[in-house]
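Colleague: Chains as they are written, first to last, in our numbering: chain Z, 1 to 212; chain A, 1001 to 1257.
Just so you know, the hints here were simulated from the structure itself, not pulled from any lab data. We treat Cβ as the ideally placed atom computed from N, Cα and C, and that holds for glycine. Mixed in with the good hints there might be a few duds.
Claimed, not checked - Only some residues are given here: those of chain Z computed to face chain A with a beta carbon under 7 Å: (1) 27; (2) 111; (3) 125; (4) 129.
Claimed, not checked - Here are some chain Z residues the structure puts well away from chain A; computed CB gaps all over 12 Å: (5) 30; (6) 63; (7) 72; (8) 75; (9) 103; (10) 113; (11) 160; (12) 203.
As the list claims (entries may be wrong) - Derived CB-CB ranges, DEER-like: (13) 1140(A) / 59(Z): 33 to 43 Å; (14) 142(Z) / 1242(A): 20 to 30 Å; (15) 27(Z) / 1154(A): 26 to 36 Å; (16) 1140(A) / 94(Z): 38 to 48 Å; (17) 1183(A) / 27(Z): 17 to 27 Å; (18) 30(Z) / 1212(A): 48 to 58 Å; (19) 1184(A) / 138(Z): 48 to 58 Å; (20) 1141(A) / 142(Z): 39 to 49 Å; (21) 30(Z) / 1043(A): 25 to 35 Å; (22) 30(Z) / 1222(A): 50 to 60 Å; (23) 1112(A) / 62(Z): 25 to 35 Å; (24) 1055(A) / 115(Z): 40 to 50 Å.
Okay, here's what each chain looks like letter by letter:
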Amino acid sequence: MQKIVVIDYGMSNLHSVCSALAQVAEGQAEVVISQDRAEIASADRVVFPGQGAAADCMHALNELKLADVVRKAASEKPFLGICMGMQVLLQQSEENDGTPCLGLYDGSVKSFRRHVNPEEKIKVPHMGWNTIQQKQEHPLWSGIPQDSYFYFVHSYFVQPVDEEYAIGRTDYGLEFASVIASDNVFAMQCHPEKSASNGLRLLANFIHWRGA
Amino acid sequence: MPLAKRIIPCLDVDAGRVVKGVKFVDIRDAGDPVEVAKRYDREGADEITFLDITASSDQRKTMADVVEKVASEVFIPLTVGGGIRSVADIRHLLNAGADKVGINTAAVRDPNFVREAAERVGSQCIVVSIDAKRVSPEGQPKRWEIFTHGGRNATGIDAIQWAQKMCEYGAGELLLTSMDRDGTKQGFDLDLTRSISDSVTVPVIASGGVGCLEDLSTGVIEGHADAVLAASIFHFGEYTIEQAKAHMLSQGIIMRA
Chain Z
1 MQKIVVIDYG MSNLHSVCSA LAQVAEGQAE VVISQDRAEI ASADRVVFPG QGAAADCMHA
61 LNELKLADVV RKAASEKPFL GICMGMQVLL QQSEENDGTP CLGLYDGSVK SFRRHVNPEE
121 KIKVPHMGWN TIQQKQEHPL WSGIPQDSYF YFVHSYFVQP VDEEYAIGRT DYGLEFASVI
181 ASDNVFAMQC HPEKSASNGL RLLANFIHWR GA
Chain A
1001 MPLAKRIIPC LDVDAGRVVK GVKFVDIRDA GDPVEVAKRY DREGADEITF LDITASSDQR
1061 KTMADVVEKV ASEVFIPLTV GGGIRSVADI RHLLNAGADK VGINTAAVRD PNFVREAAER
1121 VGSQCIVVSI DAKRVSPEGQ PKRWEIFTHG GRNATGIDAI QWAQKMCEYG AGELLLTSMD
1181 RDGTKQGFDL DLTRSISDSV TVPVIASGGV GCLEDLSTGV IEGHADAVLA ASIFHFGEYT
1241 IEQAKAHMLS QGIIMRA
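Pulled out of the complex, with its shape left as it was, chain Z reads as follows (with noise of 0.2 Å):
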């Protein structure tokens, strides 16, 4: 049977993820909470999921040592990184006064209150359910329509120099990119374990899919 580990490193509630994946598992997959080296080295998909503070994220894993391990697993096995777990993939982050993050994807996480104009009067964080637009086609979309809702509760927003990786794009005062994906790694900002029908269709290709 496939294991899935999905990474704990003290920054989030992981109840939810951990029973949305055991609930399209179908008793087909092991589902681990890890913060162990080796049990993440030896999973067959990672998932990497965190919410709070960038420097807080960022402090944790590297306590845990775990910076290295998360960098492997995205270029060796599916990976899939949610909400801060994308945010953190990024060089940097403006929060917290600048925090470097694990650089995967070349680009920042940016402010909504700094970027956006005072004028759209946005309220922040970004809660509630916005639409995705697909701009490329990818396994994880699978039987997701076009401009499906997912729930999003977030302050930052990540902004990646190339913009061939933001498949995924969401209208919110301005548009960002609310997914990024290349070769094993789909990360996005959204919480596919709170998006209802949408969101385990979306865990349940993640647990079908061989990667790059």
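Given chain Z's structure and the hints, the job is docking chain A onto it.
Modeller: What follows is chain A alone, placed relative to chain Z:
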């Protein structure tokens, strides 16, 4: 397509059971929070809020069990409010699968609790519940103040200033209840809702007084609410969430289909 407005059914839970007469003919146990939550999820609820009204403190732990069971089967955001006094209480509920917690009395007692909670678990998890009541006489410019204990205890705190302070302290969202309208079915206090929503930069959930579907849409259009919360119109089967969404869409409000 911008962010959708949200419709949030609210369930009162006492010692692990849904109370205040949820009446659905098609579910076996209308007191079972899991069954009721699943039903609302199927109808298209955008989130579900649980209000823990358990009086005895030793039965409070049952709320975490309720959340855990619901979060294992229902994959939309869950908020829990009622009786939360410490960061430990918050962590316990988040670890059980809640996405957000509502803080009310504890914030009035010690505003720094909101700051501490937001720093520890993140603003996105912290909803500050504000119970406001109009204090200005008829004909005077409208003013509202914060009340606690179901509207019985006055605090003398101005509602708009309090809302702004709570955002500054780290609230990620406000749940605003008009104590004048709660339970009356006369609709939201639209002036209150608009005054608060326009003076803060976080999302505002309007609550208190929904009696018909028009109340939901005016809460968004005239009250500028980002989400609307209601209990009895859904529980008693007067309207389904689907009907509520269809009505909102007919008024030009963006809804998750």
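Colleague: Against each hint, give a clear statement of whether it holds in the structure.
Modeller: Verification of the supplied hints:
no. : hint                         : verdict
1   : 27                           : violated (15 Å)
2   : 111                          : violated (12 Å)
3   : 125                          : holds (5 Å)
4   : 129                          : holds (4 Å)
5   : 30                           : holds (17 Å)
6   : 63                           : holds (17 Å)
7   : 72                           : holds (28 Å)
8   : 75                           : holds (29 Å)
9   : 103                          : holds (23 Å)
10  : 113                          : violated (8 Å)
11  : 160                          : holds (22 Å)
12  : 203                          : violated (9 Å)
13  : 1140(A) / 59(Z): 33 to 43 Å  : violated (52 Å)
14  : 142(Z) / 1242(A): 20 to 30 Å : holds (27 Å)
15  : 27(Z) / 1154(A): 26 to 36 Å  : violated (56 Å)
16  : 1140(A) / 94(Z): 38 to 48 Å  : holds (45 Å)
17  : 1183(A) / 27(Z): 17 to 27 Å  : violated (46 Å)
18  : 30(Z) / 1212(A): 48 to 58 Å  : holds (50 Å)
19  : 1184(A) / 138(Z): 48 to 58 Å : holds (50 Å)
20  : 1141(A) / 142(Z): 39 to 49 Å : violated (57 Å)
21  : 30(Z) / 1043(A): 25 to 35 Å  : holds (33 Å)
22  : 30(Z) / 1222(A): 50 to 60 Å  : holds (52 Å)
23  : 1112(A) / 62(Z): 25 to 35 Å  : holds (30 Å)
24  : 1055(A) / 115(Z): 40 to 50 Å : holds (48 Å)
Against the hints set out earlier in the document, violations occur for numbers 1, 2, 10, 12, 13, 15, 17 and 20.
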